[in-house]
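Asker: Based on the hints, put chain B in the right spot on chain A.
Okay, here's what each chain looks like letter by letter:
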Amino acid sequence: MAKAMLIDVSKCMACRSCQVACKAWNDLPAETTANRGTYENPPALSEKTWTRVEFREVEAGGKVAWLFRKHQCMHCTRASCVSVCPTGAAAHHGEFVLIDQAQCIGCGYCVQACPFDAVHLGEPKKGTARKCTFCLDRVTNGYAPACTKTCPPGAIQFGDRGELIATGKGRVGELRANGHPNARLYGEAELGGLHQLYVLTDKAAALGLPEAPRVATRNVLGQWLSGFVTAGILAALPFWLVIKRRQEMASSRGGD
Amino acid sequence: MGELTWGTPLFLDLWMAGMAGGAYFAAFLIYLFGADKEKRLLKLATYIGVPLVLLGVLAIIIDLGEPLRAFNMYVGLRPWSWQVVSGSGAASLRAWPPSIAFHPISPMSLGGWILVVWSVTAVALIALWFAETAESPEQPGGFLRQVADLLRPLVPATKALTWIGFVFAVLLMAYTGVVLSASSQALWQATFLVPPLFVVSAISTGVAALMIAVQLTGAREGVPTMAQLRKALAVLIIIQLVVLAGFLLWTGAAGVVGPLISGTLGLFFWVGVVLLGLLIPLGLEFSALKGRAVLASPALVLLGGLVLRAVVVIGGQT
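Just so you know, the sequences run in chain order A and B. So the first sequence is numbered by the numbering used here: it starts at 1 and just counts up by one. So the second sequence is numbered by the numbering used here: it starts at 1 and just counts up by one.
Pulled out of the complex, with its shape left as it was, chain A reads as follows (with noise of 0.2 Å):
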């Protein structure tokens, strides 16, 4: 049965105890930031942050209302990163996607690539690309991953994939009934399904998250093709028509 977790953005209290509980069990180092007016932090994910609840402020019906969203790699089915990674470094283990390290070289493409900006470069210029493992390590051994250990709330909750799209259907319908007409379950399809799943009290993209995601190289036949075809118009309209016809004048001119 594949596992996933359950993302409850509605109980969400921002204590950030999954951001040190990641960095506790995966041994990252804490980052130098600097105080911009909110309590957001650190500004950004990276090779370092593999979690980190994101602030949001927005104005519905005159109040104002403090979003939080949990934000990490969600282990995609049809993932970016695995299509575009070059050396098959980036690939699915089971329902998770997990980046080796000693076969990534560092190119950046998965970051390029991931719609939900969840992997990235190590630094200096420049390590491997690092993301979120889903704990894989504690998972295979029958452990909860580490971020869902801490969370006051139960706003994260580990579980049976199947069990948690119930719970989190169930949870979005008491969300609506409750003054959130827009709450919805997000991770149920999107690319396949995802194993990082949302209830959300609003609209996906107020939340930071794309509608509707799509792989990276859901176009990359037709993009080969309108180079290629590209490349046959160029052949024959400046160099067919300059050099070839001009030859052809240039020496019926000559056996004249």
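In case anyone wonders, no lab produced these hints; they're calculated from the structure. Ideal Cβ placement from N, Cα and C applies to all residues, glycine included. There may be inaccurate statements among the hints.
[Unchecked claim] Just a sample of chain B residues kept apart from chain A, beta carbon distances all over 10 Å, derived:
1. GLU132
2. ALA160
3. TYR175
4. SER183
5. GLN215
6. SER262
[Claimed, not checked] Computed list of lysine-lysine pairs in DSSO-like fashion (alpha-carbon distance at most 30 Å, straight line):
7. A/LYS169 / A/LYS149
8. A/LYS203 / A/LYS63
9. A/LYS169 / A/LYS11
10. A/LYS244 / B/LYS231
11. B/LYS159 / A/LYS48
12. A/LYS23 / A/LYS149
13. A/LYS244 / B/LYS37
14. A/LYS244 / A/LYS23
15. B/LYS43 / A/LYS244
16. A/LYS3 / A/LYS23
17. A/LYS63 / A/LYS169
18. A/LYS169 / A/LYS203
[Said to hold, decoys possible] For each label pair, taking beta carbons as the anchor points, the in silico distance ranges come out as:
19. B/VAL123 / A/ALA44: 43 to 49 Å
20. B/GLY263 / A/HIS180: 35 to 41 Å
21. A/ARG56 / B/GLY266: 39 to 45 Å
22. A/PRO42 / B/GLY218: 57 to 63 Å
23. A/PHE228 / B/ASP149: 21 to 27 Å
24. A/PRO152 / B/GLY266: 43 to 49 Å
25. B/ASP149 / A/ARG78: 52 to 58 Å
26. B/THR318 / A/GLY179: 47 to 53 Å
Answerer: Structure of chain B alone, referenced to chain A:
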């Protein structure tokens, strides 16, 4: 501009690899259409293409930080390991035998192989052309002569190799665009016109590089006249203006063109790409100056090609 995952080495490579592919593409067609019977232009394109491709690859490889890791693009040799140290049994070992790393869905994997195949083909062509021309018996003997003798039986393969070089030159040019468009960066993936834009630019910079090489090596006799190359360049510039307009309209309609055309980057785009790289060279073709300033417009086209790669690469990440 903050932290760029892809910076100067990458757009330098896209520019140089494109130029190499474009120069070979142009020279091959000119040879095929009968205006370069001596293959002088084709040889010139190959001679300048090999160092361009190798320098571009070198720039990227050095930028990796650990250059030897680049071999992972081609072979899978090392045991599977995690990014976290783990004692669990989930890690499967595939240390031996080494496998070929080829992931056709990944434009970068394909691009890596395209670069290798084109470079090897080009080097082989150079060697065979050397063997061909070293044939005359009055040439003095020595080590190079022996190498030429050794290679001479392979000379009939030259024709097939020039075709392989042509096919891979097309792939090389297309790769420089596709590698960007297969991403989640808004500017790069919103349109199908990044590969066409880069292909046109590759061919125009390739023709410009050929014009400069012809002029500097004084190899003007026996190759198609500069006037023909210049006409081809003028047509290419007009086509590039059309493709660029299409690119701006398409990405503009998708609402993602902002970073490219505004601010500092926009200044570089409008002045470097549009004005210096396209409009002024085109104007020079129709001006009285064209006889005197022979190298001005190809030099500007080269500059414009470089700025185009730079602003598109940086603009996609802003």
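Asker: Against each hint, give a clear statement of whether it holds in the structure.
Answerer: Now for the hints, and whether the structure bears them out:
no.	hint	in the structure
1	GLU132	24 Å, holds
2	ALA160	19 Å, holds
3	TYR175	8 Å, violated
4	SER183	4 Å, violated
5	GLN215	18 Å, holds
6	SER262	22 Å, holds
7	A/LYS169 / A/LYS149	22 Å, holds
8	A/LYS203 / A/LYS63	17 Å, holds
9	A/LYS169 / A/LYS11	15 Å, holds
10	A/LYS244 / B/LYS231	13 Å, holds
11	B/LYS159 / A/LYS48	53 Å, violated
12	A/LYS23 / A/LYS149	13 Å, holds
13	A/LYS244 / B/LYS37	13 Å, holds
14	A/LYS244 / A/LYS23	66 Å, violated
15	B/LYS43 / A/LYS244	19 Å, holds
16	A/LYS3 / A/LYS23	22 Å, holds
17	A/LYS63 / A/LYS169	27 Å, holds
18	A/LYS169 / A/LYS203	15 Å, holds
19	B/VAL123 / A/ALA44: 43 to 49 Å	44 Å, holds
20	B/GLY263 / A/HIS180: 35 to 41 Å	38 Å, holds
21	A/ARG56 / B/GLY266: 39 to 45 Å	29 Å, violated
22	A/PRO42 / B/GLY218: 57 to 63 Å	59 Å, holds
23	A/PHE228 / B/ASP149: 21 to 27 Å	40 Å, violated
24	A/PRO152 / B/GLY266: 43 to 49 Å	48 Å, holds
25	B/ASP149 / A/ARG78: 52 to 58 Å	56 Å, holds
26	B/THR318 / A/GLY179: 47 to 53 Å	38 Å, violated
Of the numbered hints given earlier, the model fails hints 3, 4, 11, 14, 21, 23 and 26; all others are met.
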